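Q: Each chain, letter by letter, is given below.
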Amino acid sequence: MCLGIPGEIAEILTDRPDLAMVDVSGVRRAINIGLLEGERLAVGDWILIHVGFALSKIDETEARAALDFLESIGDAYDEEIAALRESMIEQG
Amino acid sequence: MRFVDEYRDAGRARALAARIAGLCEPGRRYKFMEVCGGHTHAIYKHGLEDHLPEAVTLVHGPGCPVCVIPMGRVDDAIHVAMRPDVIMTSFGDMMRVPGGGGSFLDAKARGADIRMVYSPLDALRIARDNPGKRVVFMGIGFETTAPSTAMTVLRARAEGIGNFSVLCNHVMIIPAIKAILDSPDLRLDGFVGPGHVSAVIGCRPYGFIARDYGKPLVVAGFEPLDVLQTVLRLLEQLAAGRAEVENQYARVVPWDGNARALDVINEVMEPRPYFEWRGLGFISSSALAMRERYADFDAERIFDLPGVRVADPKACQCGEVLKGVLKPWECKVFGTACTPETPIGTCMVSSEGACAAYYNFGRFSRDRVREATRT
Ligand code: SF4
Chain A
1 MCLGIPGEIA
11 EILTDRPDLA
21 MVDVSGVRRA
31 INIGLLEGER
41 LAVGDWILIH
51 VGFALSKIDE
61 TEARAALDFL
71 ESIGDAYDEE
81 IAALRESMIE
91 QG
Chain B
1 MRFVDEYRDA
11 GRARALAARI
21 AGLCEPGRRY
31 KFMEVCGGHT
41 HAIYKHGLED
51 HLPEAVTLVH
61 GPGCPVCVIP
71 MGRVDDAIHV
81 AMRPDVIMTS
91 FGDMMRVPGG
101 GGSFLDAKAR
111 GADIRMVYSP
121 LDALRIARDN
131 PGKRVVFMGI
141 GFETTAPSTA
151 MTVLRARAEG
161 IGNFSVLCNH
171 VMIIPAIKAI
181 LDSPDLRLDG
191 FVGPGHVSAV
201 IGCRPYGFIA
211 RDYGKPLVVA
221 GFEPLDVLQT
231 VLRLLEQLAA
241 GRAEVENQYA
251 RVVPWDGNAR
261 ALDVINEVME
271 PRPYFEWRGL
281 GFISSSALAM
291 RERYADFDAE
301 RIFDLPGVRV
311 ADPKACQCGE
321 VLKGVLKPWE
331 CKVFGTACTP
341 ETPIGTCMVS
351 SEGACAAYYN
361 FGRFSRDRVR
371 EATRT
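Taken in sequence, the protein lines are chains A and B.
At position 15 of the first sequence the residue is numbered 15 (full-length UniProt numbering), and the sequence of numbers has no breaks.
At position 252 of the second sequence the residue is numbered 252 (full-length UniProt numbering), and the sequence of numbers has no breaks.
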């Protein structure tokens, strides 16, 4: 829960300024970006996600390093991704 | 230092380890607390203690959100969850946390509708889809998750969703660190500062640790090299007679934190006069409650909570583990009566808990300790 997961912004939603579609380890999910108000976000930017919310903008090197680390710790990360897969934030 | 070769950057790890060893004054012992459960996990996973000289010990802190939830709070939540008109929602980590009368999983088996969610927004969605039910979100976590809960409440109000509420158990890291600094049974030389909590609160709130207690704190990233570099920076400060707050994780943590996230927390929540932490007891102004103006989203005001204080099980030494006084394997029930499948204490539940991390990864270190105590 406290381990953030990095994700890459795939689409900014014009009708919902507080949401973005984000690729997280191959899973595409709506993520709330309301806590990054004031940051300029664009497709291809990386963010650190906690429980469905982007908490900080990070650079790609950090994102890759964080992903390597998360993959190396195994179970906790798998659980987090499985939970994210189940997540139904703002769909439909 | 056998495991160093596993790292992508084995050369740098070895160089850091050598510099760390060089900075230790002969005959002096150093104890650093890693406050955050994410670091505990990384330290055990990578066997980092085995790369540190004998003189340096890392002890675990209270920064595991589910580990610090007191038994009575779990019972309160289950009391609400047992109501036929309620759907309780919770992060997966919380499901096996034992209360006085069992865990969420036990309550589920007794017929309570308790659902695991990834995000508070999922709980809100369940509320939207089930207008005939009252959907409660079990809000837990430090400043990393509190803004998400607060944002969800703001969204619920904006959308006029009246059947959603939060059972607020959010806690704050600074009062916990202060309680540990004030506790008489622990002597620490410095802190490996939490990573993602600091992305929200920034580095300034740690100032008092350096100023009033004369201890260095270095906010750290989660990779093996980050932790080693952090230990090095702590030792450098001590060697130079300095005590300062430094940010080793500047690539993620802005010095001033995330102002928007702090505003959102402050809009929706306020500090409680006191809150009980499992194993640590009551700590004043250490947790958040919903503000009066969000009373209609506050499960504590909507439902009658028993609010009974339940003492931790006698066998459980989580308090000592959370304060860094005991190592997980020193607890008498570790790995025997208390395992991740049948946890007695909370530190065995979450992957961020010291006992669970140690149970899963710590065998190598334990062998080393056994060896060390034999000779
Ligand atoms: S082994 Fe179990 S009871 Fe003992 S400190 Fe760890 S979690 Fe608590």
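Honestly, the hints are just simulated from the structure, not real lab data.
Heads up, some of the hints might be wrong.
What the hints assert, rightly or not - Computed spacing ranges between beta-carbons, pair by pair:
| # | chain 1 | residue 1 | chain 2 | residue 2 | range |
| --- | --- | --- | --- | --- | --- |
| 1 | A | Ala82 | B | Gly102 | 22 to 28 Å |
| 2 | A | Ala82 | B | Val308 | 42 to 48 Å |
| 3 | B | Gly214 | A | Arg64 | 23 to 29 Å |
| 4 | B | Thr336 | A | Val27 | 48 to 54 Å |
| 5 | B | Arg242 | A | Val27 | 40 to 46 Å |
As the list claims (entries may be wrong) - Just a sample of chain B residues kept apart from chain A, beta carbon distances all over 10 Å, derived:
| # | residue |
| --- | --- |
| 6 | Pro120 |
| 7 | Asp122 |
| 8 | Ala199 |
| 9 | Gln237 |
| 10 | Arg260 |
| 11 | Thr339 |
Note that the structure is predicted; figures quoted are calculated from it, not measured.
Even glycine gets a Cβ: it sits at the ideal position worked out from N, Cα and C.
Q: Confirm or reject each hint.
A: Verification of the supplied hints:
no., hint, result
1, A:Ala82 with B:Gly102: 22 to 28 Å, "holds (25 Å)"
2, A:Ala82 with B:Val308: 42 to 48 Å, "violated (35 Å)"
3, B:Gly214 with A:Arg64: 23 to 29 Å, "violated (38 Å)"
4, B:Thr336 with A:Val27: 48 to 54 Å, "violated (39 Å)"
5, B:Arg242 with A:Val27: 40 to 46 Å, "holds (45 Å)"
6, Pro120, "violated (7 Å)"
7, Asp122, "violated (5 Å)"
8, Ala199, "violated (5 Å)"
9, Gln237, "holds (25 Å)"
10, Arg260, "violated (5 Å)"
11, Thr339, "holds (15 Å)"
Of the numbered hints listed earlier, those contradicted by the structure are 2, 3, 4, 6, 7, 8, 10.
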